Amino acid sequence: MSSLYSLENIVFALEIIGTIAFAISGATLGLEKGMDLMGITILGLTTGVGGGIIRDIIIGQTPPLTFRDPTYLIISVVVSVIVFTPPVRRWIFSDSMLYEWLMLIMDSVGLGVFTVLGIKSAYTVSSIHGVILFTFVGMLTGVGGGVLRDMMAGNRPYIFVKHFYASASLIGALTCIALWDRVGTVLAMGIGAGLIVLLRLLAAHYHWSLPKANIPRDN
Amino acid sequence: MSSLYSLENIVFALEIIGTIAFAISGATLGLEKGMDLMGITILGLTTGVGGGIIRDIIIGQTPPLTFRDPTYLIISVVVSVIVFTPPVRRWIFSDSMLYEWLMLIMDSVGLGVFTVLGIKSAYTVSSIHGVILFTFVGMLTGVGGGVLRDMMAGNRPYIFVKHFYASASLIGALTCIALWDRVGTVLAMGIGAGLIVLLRLLAAHYHWSLPKANIPRDN
Amino acid sequence: MSSLYSLENIVFALEIIGTIAFAISGATLGLEKGMDLMGITILGLTTGVGGGIIRDIIIGQTPPLTFRDPTYLIISVVVSVIVFTPPVRRWIFSDSMLYEWLMLIMDSVGLGVFTVLGIKSAYTVSSIHGVILFTFVGMLTGVGGGVLRDMMAGNRPYIFVKHFYASASLIGALTCIALWDRVGTVLAMGIGAGLIVLLRLLAAHYHWSLPKANIPRDN
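Chains as they are written, first to last, in full-length UniProt numbering: chain A, 1 to 219; chain B, 1 to 219; chain C, 1 to 219.
Hint data in this document are derived by calculation from the structure and do not stem from the laboratory. Since the model is a prediction, treat every value here as computed from it, not as a measurement. The C-beta atom is built at its ideal place from N, Cα and C for all residues, glycine as well. Fair warning: there could be bad hints in the mix.
Said to hold, decoys possible - Just some of the chain C residues that point at chain A, by a computed CB distance under 7 Å:
no., residue
1, MET35
2, LEU37
3, ILE42
4, PRO63
5, LEU65
6, GLY154
7, GLY190
What the hints assert, rightly or not - Simulated coverage check for chain A against chain C, where a stretch passes if three residues somewhere in it have a Cβ under 8 Å from a Cβ of chain C:
no., stretch
8, 97 to 108
9, 133 to 139
Stated by the list, open to error - Result set (DSSO-like, lysine-lysine): computed pairs, CA atoms no more than 27 Å apart in a straight line:
no., chain 1, residue 1, chain 2, residue 2
10, C, LYS33, A, LYS33
11, C, LYS33, B, LYS33
12, B, LYS33, A, LYS33
Let the hints inform the model, and build the full structure from the sequences given.
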């Protein structure tokens with residue numbers, strides 16, 4: 001009983017952390033695109049709750065959690081407004097490295113947290129189990145918010161641009177699933193999410209890249 | 001009985017008006033992008049029925065209304081073909097102001113009508129009630145068709161470009177919800193939708209804008 | 001019994017063919033955009049399973065088939081990796097005509113197969129029947145994967161660019177539905193899908209185009 005309660009609390013805390021991180025990444029991208037307060041709020045909100053909405057629609061949990069519990073929506077809006085306030089935005093753009101690192105870290109935390117939350121939802125809700133399916137739902141939940149953010153802002157999605165993005169989500173998802181029954185749900189989720197953030201940071205620092213096709217054509 | 005019948009009729013009439021308005025905005029944008037008849041029809045159709053499909057998927061009403069009753073689909077196609085006919089398109093582009101105003105008015109009517117229709121659906125279908133959730137479903141239904149239209153046509157969504165777009169939807173949604181139990185559903189929807197259209201027109205005329213972040217960076 | 005079994009087998013075979021064809025088109029577009037192995041795999045996967053996911057969400061079959069049976073996911077990933085291997089990609093880009101024809105043929109096969117599979121699903125699952133609704137679900141399933149592919153890769157969707165795309169899907173869908181009760185499901189699906197591929201190839205060869213609006217404006 002106490003363990004279940006504890007798991008619920010940790011899942012809730014992860015949802016909050018992931019929502020805040022993704023909302024910051026969305027609002028910051030909106031700032032960088034010169035959007036107004038409402039545009040920034042919408043981009044922050046879309047990024048913060050988008051992955052969860054996609055996950056819930058896919059697994060047939062309608063209306064999605066965001067529409068049943070306004071917590072995530074309120075957090076995304078508040079975070080976006082804070083990012084917009086003059087002191088915060090002056091700070092973010094006071095140094096071009098700071099902007100890059102903020103986007104990297106917030107986007108990585110959102111990616112890591114939502115990947116393992118997607119796996120958790122698939123385990124809980126779906127009667128169909130299997131490594132491939134858990135991995136797929138996890139990755140889709142993890143990358144969904146960022147893909148919506150980038151497409152709405154008119155950028156090519158990070159997932160096609162950053163060399164170690166979906167790969168990090170994939171490795172973290174597989175690790176989380178492999179550990180699930182061995183070390184317990186909470187630890188498996190923590191290790192999975194932490195590994196994704198770590199891999200993204202290492203990839204950015206050491207400029208990891210996957211093999212790329214050299215096509216003898218322009219465009 | 002008579003009152004219920006009347007409400008149903010008014011909701012149906014609003015769905016028709018919103019569909020026509022959004023289909024005109026989609027088809028007109030297709031014309032402006034130099035698309036052919038089929039492209040224009042698809043853009044008109046996507047805009048006309050897109051918001052309603054998003055709404056129905058979110059609240060778990062599947063298959064969406066558009067797939068159960070072909071009325072909206074047929075209307076969107078017919079409207080798009082009419083927009084494409086030479087006399088109509090010559091008229092639309094006979095004056096550059098006319099194109100701008102047509103897009104503004106049709107898009108505003110669609111936004112206003114679908115915002116209150118989203119609120120109505122959330123009230124009717126969902127067992128979860130709350131101002132924030134009604135507002136969210138209303139805004140998502142209102143802006144959904146236009147966001148799909150703009151993204152498919154390769155434009156940055158109006159919601160990020162027009163200064164008083166989501167703000168108008170938000171104010172109209174809150175007004176509609178506040179009046180819901182006080183003046184009756186029909187009047188609340190009428191006032192909410194009308195207010196959204198009025199705010200958009202005033203914003204366009206007086207060049208209202210929200211605070212914008214001035215970032216000392218290019219891009 | 002044997003007949004039903006046979007129908008199931010043919011539907012399964014069509015799902016495999018459509019998935020392979022669309023995955024090739026997505027992975028090849030990823031190559032052409034200079035993406036890395038992961039980006040190419042994601043674009044191949046999105047295109048291969050995207051249309052089916054949209055179809056299943058629309059008709060309320062959640063979780064979508066792709067999440068219940070990993071076959072399609074695995075096929076899309078394997079196909080994408082094969083497309084990425086040096087000999088294959090050298091071959092694809094050894095001649096610029098070859099790239100164009102490969103994209104045309106794979107995209108056409110995917111379009112044809114998924115259009116009739118969408119109709120099949122609508123017949124099987126939905127209790128609401130009607131030519132317009134079957135046609136709409138069929139076309140949405142057929143064009144969905146390609147629209148996702150093109151929007152994620154930052155291209156204007158084929159559906160707005162290729163002159164005889166949605167038109168081919170529409171004609172094939174209507175033919176399939178008209179023949180459904182007359183010649184049997186299997187033959188109706190085969191003729192419908194074959195007609196779509198044939199129309200697309202003829203359109204490409206003879207440069208068919210639909211009437212286009214000549215607007216006296218730039219942009």
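Worksheet item: Against which earlier hints does the structure fall short, listed by number upward?
Response: Violated hints: 5, 7 and 8; rest satisfied.
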